[in-house]
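Visitor: Just so you know, the sequences run in chain order A and B.
So the first sequence is numbered by this note's numbering: it starts at 1 and just counts up by one.
So the second sequence is numbered by this note's numbering: it starts at 1001 and just counts up by one.
Just so you know, these hints were derived from the structure itself, not from any lab.
The list that follows gives simulated cross-link-like pairs (lysine-lysine, DSS-like), each with its CA atoms no further than 25 Å apart:
| no. | chain 1 | residue 1 | chain 2 | residue 2 |
| --- | --- | --- | --- | --- |
| 1 | B | Lys1246 | A | Lys254 |
| 2 | B | Lys1055 | A | Lys254 |
| 3 | B | Lys1344 | B | Lys1372 |
| 4 | B | Lys1372 | B | Lys1351 |
| 5 | A | Lys231 | A | Lys298 |
| 6 | B | Lys1344 | B | Lys1317 |
| 7 | B | Lys1344 | B | Lys1246 |
| 8 | B | Lys1317 | A | Lys254 |
| 9 | B | Lys1060 | B | Lys1093 |
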Amino acid sequence: MSVLLDESFTFIVQGITGREAVNLTRECLDYGSRVVGGVTPGRKGREVHGVPVFDTVQQVTEAVGYVPNGSVVTVPPAFTKDAVFEALEAGVELIVIVTERIPRRDVAQMVELAGMRGARIIGPNCLGVIVPEVCKMGGIGGPARDAAKAYTPGAVGVMSRSGGMTTEISSTLTAAGLGQSTAISIGGDAIIGSTYAELMPLFEADKQTEAIVIYTEPGGRMEAQLSDWVKENESRLPIIAFMAGRFMDSEEMKGMSFGHAGTIVEGAEDTATEKIARLEAAGIPVVERIDEIPDRVKETLGARV
Amino acid sequence: MRFYEYESRKIIERAGIPVTRYGFCNTPDEARTAAEEIGGSVVVKSQVLTGGRMKAGGVKFADSPDEAAAHAAEILELEINGQMPRGVLVDPKAEVAQEYYAGVVWDGTQKRPLMLFSDMGGIDIEEVAERHPEHVGRGHLSNLLPISDFEAKQVIAQTGVTGSELNRATPILARLAALMRDCDMTMAEINPLARLEDGSFVALDAHMEMENEARPRQRGLLQELGIAEDEAREPYEPSEFERNVKAIDSADHRGVIQGKDHGFQGNLGLVIGAGGGSLTLTDAVRSQGGSPANYTEIGGNPSVAKACGLTREVLRKEGVEKIAVMMSIVSNTRVDIVARGVIKACLELGKDPGETIAIFRIPGAWEEEGFKILERYGVEYCDRSVSMWEAAGRAVAKIQNPAASSSATPGAAGSGEGR
Chain A
1 MSVLLDESFT
11 FIVQGITGRE
21 AVNLTRECLD
31 YGSRVVGGVT
41 PGRKGREVHG
51 VPVFDTVQQV
61 TEAVGYVPNG
71 SVVTVPPAFT
81 KDAVFEALEA
91 GVELIVIVTE
101 RIPRRDVAQM
111 VELAGMRGAR
121 IIGPNCLGVI
131 VPEVCKMGGI
141 GGPARDAAKA
151 YTPGAVGVMS
161 RSGGMTTEIS
171 STLTAAGLGQ
181 STAISIGGDA
191 IIGSTYAELM
201 PLFEADKQTE
211 AIVIYTEPGG
221 RMEAQLSDWV
231 KENESRLPII
241 AFMAGRFMDS
251 EEMKGMSFGH
261 AGTIVEGAED
271 TATEKIARLE
281 AAGIPVVERI
291 DEIPDRVKET
301 LGARV
Chain B
1001 MRFYEYESRK
1011 IIERAGIPVT
1021 RYGFCNTPDE
1031 ARTAAEEIGG
1041 SVVVKSQVLT
1051 GGRMKAGGVK
1061 FADSPDEAAA
1071 HAAEILELEI
1081 NGQMPRGVLV
1091 DPKAEVAQEY
1101 YAGVVWDGTQ
1111 KRPLMLFSDM
1121 GGIDIEEVAE
1131 RHPEHVGRGH
1141 LSNLLPISDF
1151 EAKQVIAQTG
1161 VTGSELNRAT
1171 PILARLAALM
1181 RDCDMTMAEI
1191 NPLARLEDGS
1201 FVALDAHMEM
1211 ENEARPRQRG
1221 LLQELGIAED
1231 EAREPYEPSE
1241 FERNVKAIDS
1251 ADHRGVIQGK
1261 DHGFQGNLGL
1271 VIGAGGGSLT
1281 LTDAVRSQGG
1291 SPANYTEIGG
1301 NPSVAKACGL
1311 TREVLRKEGV
1321 EKIAVMMSIV
1331 SNTRVDIVAR
1341 GVIKACLELG
1351 KDPGETIAIF
1361 RIPGAWEEEG
1371 FKILERYGVE
1381 YCDRSVSMWE
1391 AAGRAVAKIQ
1401 NPAASSSATP
1411 GAAGSGEGR
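Build out the structure end to end from the sequences listed, making use of the hints.
Guide: Quick look at the structure:
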C-alpha cells in the first residue's frame, strides 16, 4: 500500500498549458500516472501530450463522467486561490499546489475551505507526491527516467519542506537498499496545507510504511507540532529527522530568511537549535548529515525486529 | 517588509483606530514647529526599523519646542543598530491612565490569524505571556468569515477587562484584526494602547509587517504611504554583491538565482542550490571548518548567462580564493548549463577553472553532458554517489591545504554512477 495515491488514482492539471505544466504532465504520464484532463481558461479543445484541455473543472468532470481524485495546481500566484476553490467546489479531494509566492492569507483561505469540504491540500511551493513505480503527482523527481533512478518501492515514508531534498534523501535511501512507501514534498511556505503531524496518521495506517524520514528547517512550529503529536500518540513508526539551516542561528543572520519563504524565524521557538532539542526530547533523533540517514533507519528497523 | 512607526500609525489611522496628533519630521526646525502645534510636553522618537530605541537614546521627552528641536538634532544623527533614522516622530506626551497591548499575528499551526490582548501594555507581549499568562487573552479568526466585534470582545474579556473599557477597546482590536487580514500583514501590533485620563483609548505606538508576497496587490496602500516599489526594507542594507545578483536575476526570466553575503566573510565562494540544498550545503561547509564567503540559491533551470553572472559576482568578492559549485540532485535545472556558466565566468576573469572550482557536485538532469565539459577543463566533479557532506568536505580541504588535496583527487573524481 501507500498513502495519498494508488494505481487507480486520477488527477487533472490546472494551468496545464503553462511551460512548466506541460513538462510536468509529460513526466507524470511517462511515470504511469493517470492524468485525465487539464484546465486552462480559454484553451478548451487543445491537447497537452494527449490530455484534453478544458475551460473549467466542471467541464472535465462532465467529459470523464466522474470527479477526478486530485488536481495539480500550477497557475500564477494571483490566480491560485480561485483555481483551488474551483477544484474544491467540484469535489476534488487531493490538491497539490506547486505555485510559489502565494500570499499567506490566500493559502489560509484555501486550507480552511479544504477543511470544510473534507479535502486535503499539499503545498503550496512544493513538488508533489510520489509512490515509487505506481504514481507521481507533480514535478517530484523530474522526468520519469530520473525519478526511477532516485525512487524505489519500500518501507520508508519521506516528508520534506524542500522539494529537491525529497529527491536527494530518497536517492540516498535507494542507494542503501531502502525503498520508499510514499515521498511527499510538503512545501516550503510558512503556512502549508499538510504538516508532518497532519500526515503522520496516514503513514501510521499504511501497512507498507515502517519508518519515517523528515527534512526540516528553521522557521515555524511544524517540528514542534510533530514532537507534540509523537508524545500524544503512541506511534509505531520510528522517525529520523535531518535539520538544515543550522547556520541561521548565528547572531549576524537574525531576521533573515534563506531557502524558503517559511524559513523566517519569527519567534524564539523557531530556531534550528530549539527545534533539534524539541525533536530529540520527543525521541526523534536529528542527524547532521544526509548520508547518516540510511544507517539510522536500518538501526531503528533492526531494533524493532 | 517592515514599516516605520510613522507609517504604521498612518495605517491604523486609516483603519479608524484613534492615534495622537503626531508630526513626522526630518529636521530640528520641523520638530520645533510640530512641538509648537502640539503644545505642551512632547516625546521625540527616532524612526528606525529596529527595536531597542529607548535604550539607545532614540526616544527623548521635551517640555518646550526648543528642547524638542535640540533632541531632534541629536536623534537625527544617532545610529541605532547600524541604522540611521529616516526622521523623527514628535508626539504629545499623553496623560495615560493605563496601558494595554493589542496585536494580531499568524498562528501557523492553526493556519489562522490569532488576536492577542493584554491589560499589561508597554512591555514585550512574550514576556507578559510567560510571567502573567492570565493577563493575555487570545482568539483565532476565520480566514473566510467576516470579522465580528464579539470575537474581539471575547478576547479582551478574558483578561478581566469590563465596563466602558471593554466597550471602547473592542472596536479597536476588531479593526486591527480586519486591517491585518485585509492589508496582508504578518503582524499588526499596538503597544502601548493607552487609556487616557478622560477614558478615551489611543494608540501610542504601532508595529506592522507586511508579507512581501502581497506587495503587488497592496500597491495602492504602499503608494499612499510613499513607499517606492524597489525599497527592500530588509533588516539591513543590501550589499553590492546582493544588488548585482538581483540585477542579473531580473535581467533574464529563465531560472532564479539569489545571493546573500550579509554576515559572511570567508574565502570559499558558494555557487549552490536549490532552496533546501543551499541550507544543507552551507551547514556542511561550516561544520567541516570551512568559511563561506556568501550564500546563493540556483533554481528553475537558469540560462548559461545567469549561471555565469552569479559565478562572476561570487568570484569578484574580496577574499574569495576558490568556489564550490554544489546542488542537491536536480531534475529541472540542467547540469550542463550550470557547468558552462561557471566555466565561462572563470575564463572571463582570467582564472583557470580547474584551479578555481574546488568541487562541482551537481547530479541529475543532463549530468553526462555536464561532466564531459568539466573533464575538458580539468574540474573535479562528482555524481550522487558522493554525498553533499563529502563534496563540501572536499572543497574545504582543498582551500585549507591545496597541495595535499590535489594529489588525492583523481581517483575520486568522475566515478560515474558506480552502483
